[in-house]
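Residues in the sequence shown are numbered from 3 upward in steps of one, following the numbering used here.
Simulated from the structure, these hints should not be mistaken for laboratory data.
Ideal Cβ placement from N, Cα and C applies to all residues, glycine included.
Mixed in with the good hints there might be a few duds.
Straight-line C-alpha distance at most 25 Å; calculated PhoX-like pairs for lysine-lysine [to be verified]:
#1 K6 with K51
#2 K136 with K6
#3 K99 with K51
#4 K6 with K99
#5 K99 with K136
#6 K136 with K51
Here are the in silico distance ranges between beta carbons for each label pair [claimed, not checked]:
#7 D13 with C49: 18 to 26 Å
#8 I131 with W11: 21 to 29 Å
#9 Q88 with L129: 26 to 34 Å
#10 G23 with R89: 16 to 24 Å
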Amino acid sequence: MLTKPVHGWTDFHLDGTSAYGLSYLDDVPFEWLEQAVHGLETMLPFCVKGFLEPGRFLCLVSYWSCYVMVEGENREPQGKETALVQRSYTSMLDFCKMLHQDISADLEGWASFVDYRGEDVSQKQNLLIQRLQKLEEWIEEREEQFDENHCFL
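Sequences are here, hints too, so could you generate the full structure?
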């Protein structure tokens, strides 16, 4: 879903969607983990975002699907008649599992994804580990509420 970060950039892709290059203007690992934990905790759809430079990326994560939208710099949706660009049949549970897996695979890279002030990367790694543990707890807690196809019951 997310490629390993390189120089403040990562690519996002879900089945059925294009790839989108997201920049360091949003702290993707921290912001997305926060949204994912809140979504599983409350069992409410959630939204993650990123900057494409130019443009803004939004991914609405619902129970059974994810909806990807792109907004231009003028704050109008790109596309002819609708803001909806693409739909992926990726469930909330699968999205959260992939997010956990992708960030866990490169803790140091994600901890330094946004580094404006030369922050302590090891401290940020520890914070990421804590958030990943919280997400893992909610994944395990909610797994029984999704069927074998990871669709919300």
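**Prompt:** Per the hint of 18 to 26 Å, is the separation of the Cβ atoms of D13 and C49 within bounds?
**Reply:** At roughly 19 Å between Cβ atoms, C49 and D13 fall inside 18 to 26 Å, so the hint holds.
**Prompt:** Given a hinted range of 21 to 29 Å, is it respected by the beta-carbon distance of I131 and W11?
**Reply:** holds (23 Å)
**Request:** Could you see if the CB distance from G23 to R89 stays within 16 to 24 Å?
**Result:** holds (20 Å)
**Request:** Quickly compare the C-alpha distance for K6 and K99 to 25 Å and report which way the hint goes.
**Result:** holds (16 Å)
**Prompt:** Do Q88 and L129 keep their Cβ atoms within the hinted range of 26 to 34 Å?
**Reply:** holds (32 Å)
**Hinted pair K136 and K6, Cα distance within 25 Å** = holds (21 Å)
**Prompt:** Does K51 lie within 25 Å of K136 when you go C-alpha to C-alpha?
**Reply:** Holds. K136 to K51 sits at ~21 Å (cutoff 25 Å).
**Asked** Is it true that the CA of K99 sits at most 25 Å from the CA of K136?
**Response** holds (12 Å)
**Request:** For the pair supplied as a hint, K99 and K51, confirm whether the alpha-carbon distance does not exceed 25 Å.
**Result:** holds (18 Å)
**Asked** Can the restraint linking K6 and K51 be considered satisfied, given a maximum Cα separation of 25 Å?
**Response** This hinted pair holds, its Cα atoms lying about 17 Å apart.
The structure fails none of the hints (numbered hints given earlier).
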